[in-house]
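A.B. asks: Model the full assembly from the supplied sequences, consistent with the hints where possible.
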Amino acid sequence: MTDPLDRLLARVVPEPDDGAADRVLAGLGPERVADALAAGELERAARRALWPSGLLALAGLLTLGGWAVVQAHRPGGHLAGHLHHAKQLHAPSEDHTLVLAGASVRDARRLALPFAAAPSAPEKR
Amino acid sequence: MGPATTHAGPESATEAEAALVARARSGDRAALEAIVRAHAPAVQAIVQGYVERGEADDVAQEVFLRVVQGLPGFDGRARLGTWIFRVATNVGLNAARSRRRKPRPASLPEDAPLVAAGPEPGANLDAREERAAFLRALDALPDEFRAVVVLRVHRGLSFEAIAEVLGIARPTAESRMARAKDRLRGLLAPRLSSEVRP
Chain R
1 MTDPLDRLLA RVVPEPDDGA ADRVLAGLGP ERVADALAAG ELERAARRAL WPSGLLALAG
61 LLTLGGWAVV QAHRPGGHLA GHLHHAKQLH APSEDHTLVL AGASVRDARR LALPFAAAPS
121 APEKR
Chain D
1001 MGPATTHAGP ESATEAEAAL VARARSGDRA ALEAIVRAHA PAVQAIVQGY VERGEADDVA
1061 QEVFLRVVQG LPGFDGRARL GTWIFRVATN VGLNAARSRR RKPRPASLPE DAPLVAAGPE
1121 PGANLDAREE RAAFLRALDA LPDEFRAVVV LRVHRGLSFE AIAEVLGIAR PTAESRMARA
1181 KDRLRGLLAP RLSSEVRP
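So the protein sequences, as listed, match chains R and D.
According to the working numbering, the first sequence is numbered sequentially starting from 1.
According to the working numbering, the second sequence is numbered sequentially starting from 1001.
Please keep in mind that the hints were generated in silico from the structure rather than gathered at the bench.
Because the structure is a prediction, the values reported are computed rather than measured.
Glycine included, each C-beta is placed from N, C-alpha and C at the ideal position.
Each statement offered as a hint is correct.
Computed spacing ranges between beta-carbons, pair by pair:
hint	chain 1	residue 1	chain 2	residue 2	range
1	D	Glu1174	R	Val70	58 to 64 Å
2	R	Gln71	D	Gly1073	43 to 49 Å
3	R	Ala39	D	Ser1193	46 to 52 Å
4	R	Glu31	D	Ser1158	36 to 42 Å
5	R	Ala39	D	Glu1015	24 to 30 Å
6	D	Ala1018	R	Gln71	52 to 58 Å
7	D	Arg1191	R	Leu42	46 to 52 Å
8	R	Pro30	D	Asn1094	24 to 30 Å
9	D	Ala1189	R	Ala10	15 to 21 Å
10	D	Ser1158	R	Leu56	42 to 48 Å
Output of the computed footprint for chain R on chain D, the stretches with three or more beta carbons under 8 Å from beta carbons of chain R:
hint	segment
11	1025–1037
12	1071–1077
13	1180–1191
C.D. replies: Shown next as structure tokens:
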């Protein structure tokens, strides 16, 4: 062994310690061991439950999302009805705007529809 | 025909170990004692690569508490000793990190004993200083290098066994050891330069 480092490494090796086991066991009383075993069992059970719970949660989210998509696109569907009503609530009041401009309500509706007949002359007020 | 000789092959040793683990898992104190007695000296040697001798007993106890806690989940894929060494390495690394974070006294108190107490009552100051210097050098190594050095130097494990403990490939273990030694030569240069060749 000519490498100085190897010689140093050989010197720093700890001596065999026959009393180590007794000292360790002195600190591992029955209560401490029982607590550690119980904690270990709990950790193992929690880890076992984690995967199925996560998968179930994901499946639930996907089901809910899929149902929402189907309902939104289904004509007359529950959500579709709500969407149509929402659109109506937020649609601009075209009738009121054109009526204020002097056209009748009927004329306004015809103007709002594609390929509608030409509006009649504004009613004299 | 001579008497039949039975040899305790690897299979019966593994079965015996599995039975011991099962008994310890169910709270059998004698089984736990057998596990501690079989592995405590090795664990003590490993943790001394991470903390000073005075703290080694506490850390070794922490190792075996973790072992007890991990027994319900131990699946027997690795040998019990391999798994215990892995736990000792992890606990040791954590203890070393905590030790580095604590403020250390600038110098020893005046009434500090010059001779180490415990299993080495005759250890002289030079040997203690050398170990302390080696521990400081190990503190400066990356964790993955230190783990290999401690298992190799303090336990004399083969690179194959080290690879199994740390969950790495054998060439990786050899490479880390070589790189660690390069760094140690730099860190311990003053001590190594004063070495007298035999």
